[in-house]
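Spelled out from the first residue to the last, the chains are:
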Amino acid sequence: MSQAQLTSKHPLRRTWGVIDLAGYLITFWGRRDLLWHMTVRHMRGQYKQSVLGYAWAFVNPLSQMIILSFVFSTILRVPTDDIPFPLFLFVGLVPWFFFSNALTAATDSVTGAASLVTKVYFPREVLPTAAVITKLIDLAIGLVILAGLMAYYGDAPDATSWWFPILFAIHLLFVLGLSYPLAALNLYFHDVRFLVGVALTLWFYLTPIIYPIDIVPQKYLWVFDLNPNSLFINAYRRVILYNEAPGWDKVIAGLIIAVVTFLVGYYLFKKMEPGFADRI
Amino acid sequence: MQTESDRDEIVFENVSKRFQLAEGRTLREFVPALFRGKAWAEPFYALRDVSFSVGRGETVGIIGRNGGGKSTILKLIAGVSAPSQGQVHVAGRVSPLIELGAGFHPDLTGRENVDLNASILGMTGREIQEQFQPIVDFAELWDFIDTPVKRYSSGMYMRLGFSVAVHSRPEILLVDEVLAVGDAPFQEKCLAKMHELQSAGVTIVVVSHVGQLVRQFCQRAMLIQNGRLVIEGHPDTVIQSYEDIYHPKELVV
Numbered sequence: 001m002s003q004a005q006l007t008s009k010h011p012l013r014r015t016w017g018v019i020d021l022a023g024y025l026i027t028f029w030g031r032r033d034l035l036w037h038m039t040v041r042h043m044r045g046q047y048k049q050s051v052l053g054y055a056w057a058f059v060n061p062l063s064q065m066i067i068l069s070f071v072f073s074t075i076l077r078v079p080t081d082d083i084p085f086p087l088f089l090f091v092g093l094v095p096w097f098f099f100s101n102a103l104t105a106a107t108d109s110v111t112g113a114a115s116l117v118t119k120v121y122f123p124r125e126v127l128p129t130a131a132v133i134t135k136l137i138d139l140a141i142g143l144v145i146l147a148g149l150m151a152y153y154g155d156a157p158d159a160t161s162w163w164f165p166i167l168f169a170i171h172l173l174f175v176l177g178l179s180y181p182l183a184a185l186n187l188y189f190h191d192v193r194f195l196v197g198v199a200l201t202l203w204f205y206l207t208p209i210i211y212p213i214d215i216v217p218q219k220y221l222w223v224f225d226l227n228p229n230s231l232f233i234n235a236y237r238r239v240i241l242y243n244e245a246p247g248w249d250k251v252i253a254g255l256i257i258a259v260v261t262f263l264v265g266y267y268l269f270k271k272m273e274p275g276f277a278d279r280i
Numbered sequence: 001m002q003t004e005s006d007r008d009e010i011v012f013e014n015v016s017k018r019f020q021l022a023e024g025r026t027l028r029e030f031v032p033a034l035f036r037g038k039a040w041a042e043p044f045y046a047l048r049d050v051s052f053s054v055g056r057g058e059t060v061g062i063i064g065r066n067g068g069g070k071s072t073i074l075k076l077i078a079g080v081s082a083p084s085q086g087q088v089h090v091a092g093r094v095s096p097l098i099e100l101g102a103g104f105h106p107d108l109t110g111r112e113n114v115d116l117n118a119s120i121l122g123m124t125g126r127e128i129q130e131q132f133q134p135i136v137d138f139a140e141l142w143d144f145i146d147t148p149v150k151r152y153s154s155g156m157y158m159r160l161g162f163s164v165a166v167h168s169r170p171e172i173l174l175v176d177e178v179l180a181v182g183d184a185p186f187q188e189k190c191l192a193k194m195h196e197l198q199s200a201g202v203t204i205v206v207v208s209h210v211g212q213l214v215r216q217f218c219q220r221a222m223l224i225q226n227g228r229l230v231i232e233g234h235p236d237t238v239i240q241s242y243e244d245i246y247h248p249k250e251l252v253v
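Each protein sequence line maps, in turn, to chains X and R.
Using my numbering, the first residue of the first sequence is number 1, and each one after it goes up by one.
Using my numbering, the first residue of the second sequence is number 1, and each one after it goes up by one.
Bear in mind the hints are in silico, worked out from the structure with no lab data behind them.
Treat each hint with caution, since some may be false.
To be verified - Stretch-level coverage of chain X by chain R, calculated; a stretch enters the list once three of its residues show a Cβ under 8 Å from a Cβ in chain R:
#1 37–43
#2 119–133
#3 161–175
Claimed, not checked - Far from chain R, some chain X residues (derived; all Cβ distances over 12 Å):
#4 LEU12
#5 ILE26
#6 LEU34
#7 GLN46
#8 ILE67
#9 ASP81
#10 ILE83
#11 LEU136
#12 GLY197
#13 LEU226
Please read all numbers here as calculations on a predicted model, not as lab measurements.
For glycine and all other residues, C-beta sits at the position ideal for the given N, C-alpha and C.
Could you build the full structure based on these sequences and the hints that come with them?
So this is what it looks like as structure tokens:
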């Protein structure tokens, strides 16, 4: 560690200004080695004790896709125009799984590292961040299945698919922004993890994943306009399945939502951080 | 009131640490308490108005009974916990030797855990590479470094934890009573290593409820009792009054 990082200030004695916040983010960036090692630790731990190991990361999305496809295209017949329903569904489901798994894991990340948090100081945001990054493996596996599905239906990737990583990067920032305060609040109230579970279930049905946004009655559309996940998932579908650019207004709206969520979430996290070790 | 000088590495100014005991941890407990409009629980002072400073390269022992506030002091120095009142200044990289191997992940190998633990302690990738062999050599775990640490004996576990901590180039080393465990030859090796760090100018804070380690190792000692700093001075004097308080007359007779 360089001399400049040695401070006569207690790491938990904070001042709050724009420059300070930038300073905390720079310190965080300086610890990216730690972030990497922590992520590897999570990845190793995840399926270590199971017989099928990483195969589980395939089983969950596949089984969900099959059952949801059966229920919503064979029984309920949700209209998806000329796009095969499993494909339509999966483009929304894969990012949703990432969102949901990442948020759940991040909420427990600080409470789960009690033995570390009470012993050594390091920027605590490493913990939820590593939890979120770990779930990128599940996302990658989901994308592999999606590619297989597209090949099966003879749907070549559209020219607009290059938007996907950009949109996802914005989405990722949004997920991180939500993760920080949830991870911190979970230390103060253990109810938070249950609340997150309930909220995610409701959020799943209020996001156009198993149905297209077009069949939502006009008078309820405002709910979807307020839902950032709706914005992201509609954009994923446009660029991957409909060969349409997401529209600059959507991209900029998503970016603003993500950046504000990240900054507010990070601020709240750092604000609560001094109490962490006392709360575990 | 003490002021911070260039040579002081750790300064406590009138530090108090308050805990809420039996705090409401779920909303079911919290919400009613909010409506009743009173504090959730009685506060408990783990430290009250403690002031001291430790100079660069000094070795200081903190003695006192369990629950007296020693561990709280270490947590404040480690930057894990924040003072409720007063100021804590710490200048330098802190390596806590509290509960060795706390950050080890049982499924990871020794090697992977060295990487993880060393980066938790603030070492960069390059420093870890440079120090890797010395860490393994010191812990004497050449044959087991690629074995998951859940297969380690508790002694091996601690050896690796201690080795990582002392090789993390600390400027301030915090030592809890961990040295009391482990077999005798390794204990001696640990003590020798700590003497080496001592002569290299590392500031060391030792916490103990037994006087032995403090007597043979520290230049200065402090007695903490019920959250207050009672006496500060030469280890022999401080240990004497500690024994007078807790092991009264019959031991002398």
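Against the structure, the hints come out as follows:
1. Beta-carbon proximity to chain R at under 8 Å applies to 4 residues in the region 37–43 of chain X; the threshold of 3 is reached and the given coverage holds.
2. Counting residues of the region 119–133 of chain X whose CB falls under 8 Å from any CB of chain R gives 4; the rule of at least 3 is met.
3. For the region 161–175 of chain X, the stated coverage by chain R is violated: 0 residues have a C-beta nearer than 8 Å to a C-beta of that chain, whereas at least 3 were required.
4. With a minimum CB-CB distance of about 4 Å to chain R, X:LEU12 fails to clear the 12 Å threshold, and the non-interface call is violated.
5. Non-interface status of X:ILE26 relative to chain R is upheld: no Cβ of that chain comes within 12 Å, the nearest being about 15 Å off.
6. Not every beta carbon of chain R lies more than 12 Å from that of X:LEU34, the smallest distance being close to 4 Å; the non-interface claim is violated.
7. With a least CB separation of 10 Å from chain R, X:GLN46 falls inside the 12 Å interface cut-off, contrary to its annotation.
8. With a least beta-carbon separation of about 32 Å from chain R, X:ILE67 lies farther than 12 Å from that chain, consistent with its non-interface assignment.
9. In this structure X:ASP81 is separated from chain R by more than 12 Å, as the shortest Cβ-Cβ distance comes to about 45 Å.
10. For X:ILE83, the condition that its CB be more than 12 Å from all CB atoms of chain R holds, with the nearest at approximately 42 Å.
11. With a closest Cβ-Cβ approach of about 19 Å to chain R, X:LEU136 is found to remain outside the 12 Å limit, as its non-interface label requires.
12. At the 12 Å boundary, the C-beta of X:GLY197 stays outside the reach of chain R, the nearest C-beta of that chain being 15 Å off.
13. At the 12 Å boundary, the C-beta of X:LEU226 stays outside the reach of chain R, the nearest C-beta of that chain being 25 Å off.
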